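Q: Letter by letter, the chains look like this.
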Amino acid sequence: MKTLKLLFVLCALVAFAPTSQAQTAEEIIDNFFENTGGIDAWKNIKNMKATGVASFGPQKYPFTLYTVLDGRMAAEVDLQGTKFIPQAFDGEQFWSTNFQTMEAEAADAETSKNFKANEAKDFPDPFLDYKSKGYSISLEGKETIEGTETFKIKLTKNKIVVDGVEEEHSVMYYFDTETFVPIVSEEAATSGPQKGTISQTVYSEYLEAGDIFYPYTIDVKVNGQVMQSIKTTEIEFNAELDESIFQMPEKATPAAGTKN
Amino acid sequence: MKKAIFILSALLILPLTMTAQEIALKGKELFGDMNARHIGPALMSGRINDMEMHPTNTRIIYAGTAGGGVWRSVDGGATFSPIFDEHPQSIGVVTLDPKDPDNTIWVGTGETWTRNSVSIGDGLYRSTDGGTNWVEIPGFENSERIASVVINPNNTKEVYVGVLGALWSDSEDRGVYKTTDGGTTWNKILYIGPSTGAADVIMDPENSSILYASMWEFRRSGWGFESGGATSALYKSTDGGANWNKIHNGFPSGNLGRIAVAVAPSDNSILYAVLETEDKSKNGLWKSENAGQSWTHLNNDFGLVVRPFYFSRITIDPKDPNVIVKGGLSGSISRDGGKTFKDLGNMHSDIHDITFHINDSDIMYCGTDGGVYRSWNGGTTFEIVENLPLSQFYHISVDNEEPYNVYGGLQDNGSWYGPSSSPGGVNARDWNSVGFGDGFRVLKHPTKNIIYSEMQGAQNVWRYDADLHKTKTIQPLQEKGKAKLRWNWNAPMAVSNHAPDRFYMGSQFVHRSNDMGDSWEIISPDLTTNNPSKQNQEDSGGLSMDNSGAENHTTIFTIAESPLDQNILWVGTDDGNVQVTRDGGKNWENVTANLTGIPANTWVYHIEASVHGKGTAYAVFDGHTSGDFKPYALKTTDFGKTWTNIISEDVPEPAFVRNIQEDYENENLLFLGTEMGLYVSINGGKNWSQFTNNMPPVAVHFVDLQKKTNDVVMGTHGRGVIILDDISPLRELSQEVLAKDVHFFQNEPFIMKESSGFAGSFGAETQFVGQNKTNAARIIYYLKKRHTFGKMNLEIQDMDGNTITTIPPGKSKGINVVTWGFNGNTPKMAKGKTVAPGGFTTPRVPSGKYKIILTKGKKTYEHIIETVYDETSLTTLAERKEQEKYTKDLFDMSQDLAYMVHELSETQKTAQMVVENHPKGKKTAQKLYDTLEELRKDLVITTGDNYVASAEPELRERMGTLYSSVATSYDRISQARKDNYALIADEFNAAKSRFTKIMDKEGKKFKSFLEKNELAMPAIKPKEDFLKK
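As you go down the protein sequences, you meet chains A and B in turn. Residue numbers are given in the numbering used here: position 165 of the first sequence equals residue 165, and the series is strictly consecutive. Residue numbers are given in the numbering used here: position 50 of the second sequence equals residue 50, and the series is strictly consecutive.
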């Protein structure tokens, strides 16, 4: 099966190459889905359980990422044998675990609202039915990135609210002109002291996952330096999930006599 | 089927045709993820040309800079970020679309404060997505300098552009342009002549049909500046630019110079203008209270008349027409409608633009020669924006320290040196001042802690003792019977590679000192053309005299001593001469006539004497001061008898050349500093490739190559010092290498640096911090194709094939650089309630050879690197080996403990299950559980949190802390730690005994129960599996 798929991709490369001269953003996106398993295969995905290792410099953390079509997500990390959830979204509320107390805390309202309006709609891919998400796309020309010629496609997402002010929100994607898969996306930090700083997300190691090809390695770079590298070892689509993982746990009731 | 055969055939044919062709990778395809790094400095920042406020969002402010591109603040001016890094960095104006200010930004390039050192622009740009993408608007490619972009607020498709135009030549591109279709088509609606450009175009705030345009006749050459003429004038149009009339009623007759003009936002009848006239008493501020019908002269104080070409900006308080601010040496503010002024508060001198906050006029932003300043109290107190690394270097040099220092001089910001890396990054506090005024060349004595620096026109040349902090001025002075010395604004100096105390300077003569400047001898005749028509600087300036020394001409500009022979000296002059001596100055040969393809009298900007041959040298020529922006670089191998052009079409006009640096090992590897960034050639100049990875097309005034590190260090005129670390891989590039799927570049052994890591980061929230060079091993390889599909891994192994760690591989086409910090993985720690911080320490590897194993699909590529200990280490080799052994023992002990806790916890889980589900075994299971729990509480923390509610440390935490302390020590292991180790090892042994005893007693009974009842044994993993990450 894998051999067949790979052959399919190779053939697709040759078949698509001559038409790469005059592409529209829409055609590029279509080719991307077609080359990675077909739009139907993508649309069959309801959830994903991905396990792997996240590296921050020399530190490596095993993780499991749960993502659901309705936007819920939870990342679970193994920290010295203890599982904790650095980030999760329950469909309405974005939450994280406070490292000091190891207890769950809700993110500020803007973060939850912005996540719900955008990132929560991005699974399994932000370009899948992008119009229904309120997104729009435009081809911004070609650019060499990662040493490779790419189509530069701007994905304009839904507006976000930052510190009380509504702002535009977009991500630039770079699709390899040969294979039509995205190899890099670029986004400015939308909030916080680093607001405006451009970070690159670099996609590689596209491998067969279920019926599609999916990037098993995602590196995040700032100024050319790899800040984190997420290497997935196993992906399961439409898995049996314990739904409770998305829910923000109650804070533990302190034992009687516990000091504040 | 036919198609399939065709594809197969194509695949077969492809490799054959590929090998027949030369692989010519360029730019990003070649350089892959090699990235430049910026180290600033930002503490003195650099020149700002234009400030622009967002019309409704008080958090957003733009700064258009003289040489460092466009920067935007989204936090009310606390910090700024660059948004224009792929385009020319010299900016004239930034304008936001009044109806769509979040998205539509117009940028006119080319600085408009026309000092001698200005760079150039190449047209008009627009972004419609908030600065992410920029499109060049056709029609303005040759505009050179755009002073104004004015947009009709009611119809933003109607835009006016004021083109100031060429500084050093005639140009018919000057004038005022208008579009009514958003920039698709343009009409030139005001054109005076090829010498007269639009210095300012403004629009009436109430009536978009009313425009004012100040037209300025001006010209600069390499040896003078002229401001003013019969065609300078102030015009008004009341019909959207269809017709223009001079509005000079009240102005003095005669020629005019640069005119600043502003209309009060709160009262469109009130105009202010600053004039440069033939009558000194009529210079300065004029006011009209009837929209330009007549004018009254108000003020000619110094602050209003100073250097009009440099300071012609009036800003009026948006709420009060009587509060006006004028740019100038200090900047001036009036609160009585222009009758009287006082200086603005202390800040960097030379204020070019001022803006008021849109809601609160107490808040002001000033653009100066030293960056952006903020005032919160109406212009009395100013504070600098600390993260704008816009420093404008004329020259840089490096020393041989570790880390090496970078030395250089800046436009209006003195002379400095600072480290190329520093703990926590290169900070403002890392830079040291070594000169006043404008700074230019700064050179380190080759062996002593002595630094030479200078100010403009060699008015002072300092010899600075950096140990004693003592200075001495040492510039050569006119000698009896000799001509007056002519010094360039940026006077050349050079230290000798052969005699450490030797120091050269160039006026029209070459001066040599053999005692660090205490005494001098002239060792040449006048090497320039000595053309008297280019020596009338006292007449420079036009209507306003401007004899700053910036226009001094017919001077020596570059001196190069051969690194191979102290008697060979090359000299280049600003008026086009190349001269060489082979006998230490006794005889000079003017080889100018041998130059090929260089227009006469073109400025010789730099000569590089080669290490590859005594007769070999490179010379670059810069014709921009006569309006010639072509790139020129020549090479000679026969002392200048013949020259070869080494510029290809890859270096397009207007990337005129200011510097060249050869590689010390590979003669074909060259680095070209141009007005539009850095270019690299790997074939001796036959082809060039622009380097753009984190490298904007900024003017590169000087390039140096640090010999120990192979770092290319650039002095840019607008973005500070930019470094391209370790270019040695470029030496290896060849057709053979480029044809390989994977090629690892050779590395020198990597030194495992030892330093404290202490770095106070106070202030870094809003200060620029320069990026450090990594101390990690840089593993560099070339990939013929980007790795997108299939698996790819990079593993570090010892020479026996044991995995040390894995690192994320770069997968770019071209050159990939990945770093390894000489560490293995963290130990697997026992599970507790909270984390043991010591367990996050990764052990360093011993010195020695290591395998880099790159797997790409089914193919494996191997490369060997070597690590060596830091020679500055405090330990002996035997002590280090002891430290490594302790580290390994504690690493293993921590993992052993982790496994024991795993065994224990899994047993407890099963016991708990029996307690809950099997009453017959409950007593045995409960006893086992409780006994194990008692032990567990002594092994790991079982209560509290990771902060101040943390529990007392147990064995795991103490073991982890000791492990971390030992593993990160750069000194021998102290007795205290050895004693602590013995204590912990004993405790661990005791704990193991306790565990064994429990399992022999309670555990045995429990297991027997499980067996009898055919219940599953505890899910204890084999140790090897448990320890797998």
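Any given hint could be a false lead.
Stated by the list, open to error - Computed Cβ-Cβ distance ranges for the label pairs, DEER-style: (1) B/ASN793 with A/THR197: 52 to 60 angstroms; (2) A/GLU168 with B/SER756: 17 to 25 angstroms; (3) B/ASN322 with A/GLN225: 50 to 58 angstroms; (4) B/GLU383 with A/ASN238: 51 to 59 angstroms; (5) A/VAL222 with B/LYS99: 29 to 37 angstroms; (6) A/VAL53 with B/LYS1021: 39 to 47 angstroms; (7) B/LYS26 with A/GLU236: 27 to 35 angstroms; (8) A/GLN225 with B/ASN683: 41 to 49 angstroms; (9) A/GLN225 with B/ASN243: 39 to 47 angstroms.
No lab work stands behind these hints, which were simulated from the structure alone. All values reported here derive from a predicted model rather than from experimental measurement. For every residue, glycine included, the Cβ atom is placed at its ideal position computed from N, Cα and C.
Q: Please flag the earlier hints that this structure goes against, numbers listed from lowest up.
A: Violated hints (numbers, rising): 1, 2, 6, 7, 8 and 9; every other hint is consistent with the structure.
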